[in-house]
Amino acid sequence: MAQDQDIARVYRQCDPATPLKPGDPRYVPCENTRGEGDLIAQLTNAIRWSETPLHLLFSGHRGGGKSTELLRLQKNLAEPPVDDEKFFVVYFEADQEDIDVNDVDFPDLLLAIIRQVSKALRERVHEELRPTWLSRFIGDLKRFLGSEVEFETLELDAQIAKFTATIKSSPDARLEIRKALEPNVSNLIQAANDLFDEASIRLKDKGYRNLVLIVDNLDRIVLRDLEGGITTHERLFLNRGSQLHALRCHIVYTLPISMVYSPSATALMNVFGRDPAVLPMVKIANRDGNDNQDGMEALRKIISKRLTAASVTQWTSAFDSLEAWNYLCRMSGGHLRNLLILIRSACTAAGNLPLTQRVIEQAVRGISNDFERALNHPDFFKTLRDIDKTRELPGSKDDQMLLYNLSVLEYLNGEVWYVVNPAVKALEKFKSPRRVSRSRHN
Amino acid sequence: MPRKRQPRIEKVDNDSVLDQIERVVRWDSEFRLAFIKCNHPAQQETLRHSLLDRLRDQHILEISLEKSIISLLDEIRPHWNPNQAPVAVCVYGLENSLREQSQNSPVLGRLNHERDLLRQSIPAALLIWLPDFALDYVARGAPDFWAWRSGVYEFQTDSGLWKTESIAAFGNHNATSLASLAWADKEKEIARLEELLRTSQALAKQDKQVKKTNVRLLNQLGLLYKNLGRQDKALDSYQKSLKLAQNIGDRAGEGATLNNLSALYHARGDYDTALRYLQESLAIRRAIGDQAGEGTTLNNLSALYHARGDYDTALRYLQESLVIQRAIGDQAGEGTTLNNLSQIYQTRRDYDTALRYLQESLAIKQAIGDRAGLCIALFNIGHSYWEKKDHQQAFICWKEASRIAKEIGLSQALMNLEQLAKQLGGSGLEDWEQLSQQAGAGAVE
Chain A
1 MAQDQDIARV YRQCDPATPL KPGDPRYVPC ENTRGEGDLI AQLTNAIRWS ETPLHLLFSG
61 HRGGGKSTEL LRLQKNLAEP PVDDEKFFVV YFEADQEDID VNDVDFPDLL LAIIRQVSKA
121 LRERVHEELR PTWLSRFIGD LKRFLGSEVE FETLELDAQI AKFTATIKSS PDARLEIRKA
181 LEPNVSNLIQ AANDLFDEAS IRLKDKGYRN LVLIVDNLDR IVLRDLEGGI TTHERLFLNR
241 GSQLHALRCH IVYTLPISMV YSPSATALMN VFGRDPAVLP MVKIANRDGN DNQDGMEALR
301 KIISKRLTAA SVTQWTSAFD SLEAWNYLCR MSGGHLRNLL ILIRSACTAA GNLPLTQRVI
361 EQAVRGISND FERALNHPDF FKTLRDIDKT RELPGSKDDQ MLLYNLSVLE YLNGEVWYVV
421 NPAVKALEKF KSPRRVSRSR HN
Chain B
443 MPRKRQPRIE KVDNDSVLDQ IERVVRWDSE FRLAFIKCNH PAQQETLRHS LLDRLRDQHI
503 LEISLEKSII SLLDEIRPHW NPNQAPVAVC VYGLENSLRE QSQNSPVLGR LNHERDLLRQ
563 SIPAALLIWL PDFALDYVAR GAPDFWAWRS GVYEFQTDSG LWKTESIAAF GNHNATSLAS
623 LAWADKEKEI ARLEELLRTS QALAKQDKQV KKTNVRLLNQ LGLLYKNLGR QDKALDSYQK
683 SLKLAQNIGD RAGEGATLNN LSALYHARGD YDTALRYLQE SLAIRRAIGD QAGEGTTLNN
743 LSALYHARGD YDTALRYLQE SLVIQRAIGD QAGEGTTLNN LSQIYQTRRD YDTALRYLQE
803 SLAIKQAIGD RAGLCIALFN IGHSYWEKKD HQQAFICWKE ASRIAKEIGL SQALMNLEQL
863 AKQLGGSGLE DWEQLSQQAG AGAVE
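Chains as they are written, first to last, in the numbering used here: chain A, 1 to 442; chain B, 443 to 887.
Quick caveat, the hints were computed from the structure, so don't treat them as lab data.
Being a predicted model, the structure only gives us computed values, none of them experimental.
Treat the hints loosely; a few may be bogus.
Unchecked claim - Distance condition first, Cα-Cα at most 30 Å in a straight line; then the derived DSS-like pairs of lysine-lysine:
#1 B/K479 / B/K650
#2 A/K429 / B/K675
#3 B/K509 / A/K162
#4 A/K429 / B/K654
#5 B/K647 / A/K431
#6 B/K864 / B/K841
#7 A/K397 / B/K675
#8 B/K653 / B/K630
#9 A/K431 / B/K479
#10 B/K830 / A/K425
#11 A/K425 / B/K479
#12 B/K630 / B/K647
#13 B/K479 / B/K654
#14 A/K86 / A/K204
#15 A/K206 / A/K21
#16 A/K382 / B/K479
#17 A/K162 / A/K142
#18 A/K429 / B/K650
Produce the entire structure from the sequences given, and follow the hints as far as they go.
So this is what it looks like as structure tokens:
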């Protein structure tokens, strides 16, 4: 029975759905094993040292620890060591309330930003901003929603919320509102900048150095081809890049990982003036495919901390062999969320600690099967086999999709290389295409 | 074509899958997401009862989604009582929201960005039961939601149970009943058959019986697609069916598929190919003594000769067909044959004989509830009346035919009726009501 309790606690400590809050004892700094130094320290310093507004792009595989790191950035800036000035940080998840990730364009995002900033100012420091041009413009816009909406008594952010909610929920109204916004975009940017300037003045009075905006989850924008040969990602970050860049406060935008390695990466660099910061996987293997001992050590440490949090003090109580433990780490590909999913699946399959090699293999087969669901095109496997051979992206049209759905992971160590997710490599289809296709017509 | 999954190296039996789900429920009290794969509705009921029985000391909330939904959160919220919060929420029937639009269903986009709200609002195990194909759609269409799963628990389909189900499904499915389904039901039926097909193809043991079933499923899918005017999909299904039937030596299936394939080519005006398929079909059906099939194929052969203007040959085939159908009591076939006979007399301007056959055909179709056949008979009766200058009767028949055609989505009939409405001075299908009123007024004068 006590055994049963242990495994339940381990299960509870491995939640793949919740990023760690700053200061969580389970957090393990991985910067050395990710291969890029401490990105968050670099971003913190870049913002602290800059006199002009910075527009930073932050990217990484989904589930690779991005939100956990961005929450650390927020804390670094908002609660610095005593002798440093603090920033007023507005962190928001773009997809939470304001934006439909299936169809997002710059005007939607701009409205969302204005709304989030004025809301944070009102709620956290009781500063109510009522910029005249913006208020009038919003007043004009309301015609598009019909007259029954009562605006006069609402705060600016609540007024804008009416639009963002409509934009998010109704594709028809979205087009109408965008049509109305489009000719006014440069005025709207001007108005947003006036708002940031005023906010900045008032924040200085309250002891803040300045305003910083962190826009998380923009990397969740659904990758789709649009008319004119561009993708949804390119529309926002490239075509609208100079507008994203024109806002007058520090902003960290999350960027879909596929953009970083797409042919448009150079154009992106030209617009934003710097390369995106990329949070790589924990590097568990070297380019030659052998284990990277530092990376493996880091993953074991991540698991150890969670075991400790579950009051399981010896790893030998959790795994029946070091091989089994290493196998688990290796098969995660250094991807933290997959690691947690694997542990949870192994736990429910086992029912009791310690976890055995057999039960971890079962969990891996499960996650492989899950990946196969997203790989619905035979070409995908061809591209994957190419990548496995060359450790490089072949520049095929599937590259972005494969990075987007995590079948391909990227590692850094001065140079960049790519590996096929070990769980995908384990698929029969990946290994021997012919045998599978023949057995299909039986 | 739905993918075939590789067989697992190690089969996990359904009891141990139940053990695992029970652990997901008992071990935690925070939000956690798990998917449960179950392909078979009847089996799902059994498994659901087993799970609830194992967890009878726990408060479980069950949400059944019969209709298509947009937001899962909106469906759960009204049933969520924070004072009596359940430890688990079982969601059934989400696939009903996925079928028609596949991975682009709006519900998937919503799930993708509702996930934080779900996590905050539902501190419980969210157990989403889905068939295999729907899990694929979720993985592709809602990758961020999918990424939060704590596990996917897959029940194996009990193959004995599946066969029973499929046989039951076929019992009431001949071509006539499929064609008479309402439009939306045809779409649903396609989804159901695709699902059955996928389940069947994923069965570990692919014996001849299972493959024969696959042939029939593909054939029925082809028929439905053709009825809805999706010729490419129909052709694809028939070709797969034909290949499979030939591989396993399923002569009956081969004969049926060849017969159905011919109809596609007939509709395109490629009479030579259609004829070749029909002759092959006829030879096979005669060889194996499939009389009902023979009757059908003879009927289609006659239609082909009719279309080419060779009425004597057409008539001969029809009479042969009628003899067989009456001998074996194939009423549906008889109704069709009588209808086709009438068309030969219609062409020869013998409207009274044509009408007599049509009335006989109509009576049979009414008796057996063959709505597609009824629609066609009415359409033809209308023509006979029109030629006999009884315009009012003609309009009444066409109006009724257009009502039925719309209801069941009979694409060929709809096209013909629309064309006819235009010829008569209307602008399209929606004008039948008005056109028949005008005719009525004209008759009074």
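Q) Taking 30 Å as the top limit, are the C-alpha atoms of A/K425 and B/K479 close enough? A) Holds, at roughly 23 Å.
Q | Proposed proximity, A/K142 with A/K162 (alpha carbon, max 30 Å) | A | 9 Å, holds
Q | Given hint B/K630 paired with B/K653 - CA-CA distance at most 30 Å | A | Roughly 23 Å between the alpha carbons, so the hint for B/K653 and B/K630 holds.
Q: Decide if the proposed pair is consistent with the structure: A/K206 and A/K21, CA atoms, cutoff 30 Å inclusive.
A: 26 Å, holds
Q) Keeping to a limit of 30 Å between CA atoms, is the pair of A/K429 and B/K650 held or broken? A) 25 Å, holds
Q.
Hinted pair, alpha-carbon criterion (30 Å max): A/K382, B/K479. Please report holds or violated.
A. Distance ~28 Å between A/K382 and B/K479 Cα, so the pair holds.
Q: Mind checking the alpha carbons of B/K479 and B/K654 for me, to see if they're no more than 30 Å apart?
A: 25 Å, holds
Q. Under the criterion that the straight-line Cα-Cα distance not exceed 30 Å, is the pair B/K509, A/K162 satisfied?
A. Holds: B/K509 and A/K162 sit about 29 Å apart, inside 30 Å.
Q) Taking only the CA atoms, is the gap from B/K630 to B/K647 under or equal to 30 Å? A) 27 Å, holds
(Q) What's the verdict on A/K431 and B/K479, does the C-alpha distance respect the 30 Å limit or exceed it? (A) 26 Å, holds
(Q) Tell me if the straight-line CA distance from B/K479 to B/K650 falls inside 30 Å. (A) 26 Å, holds
Q) Is the Cα-Cα distance between B/K864 and B/K841 30 Å or less? A) 14 Å, holds
Comparing the model with each numbered hint stated earlier shows that hint 10 is the single one that does not hold.
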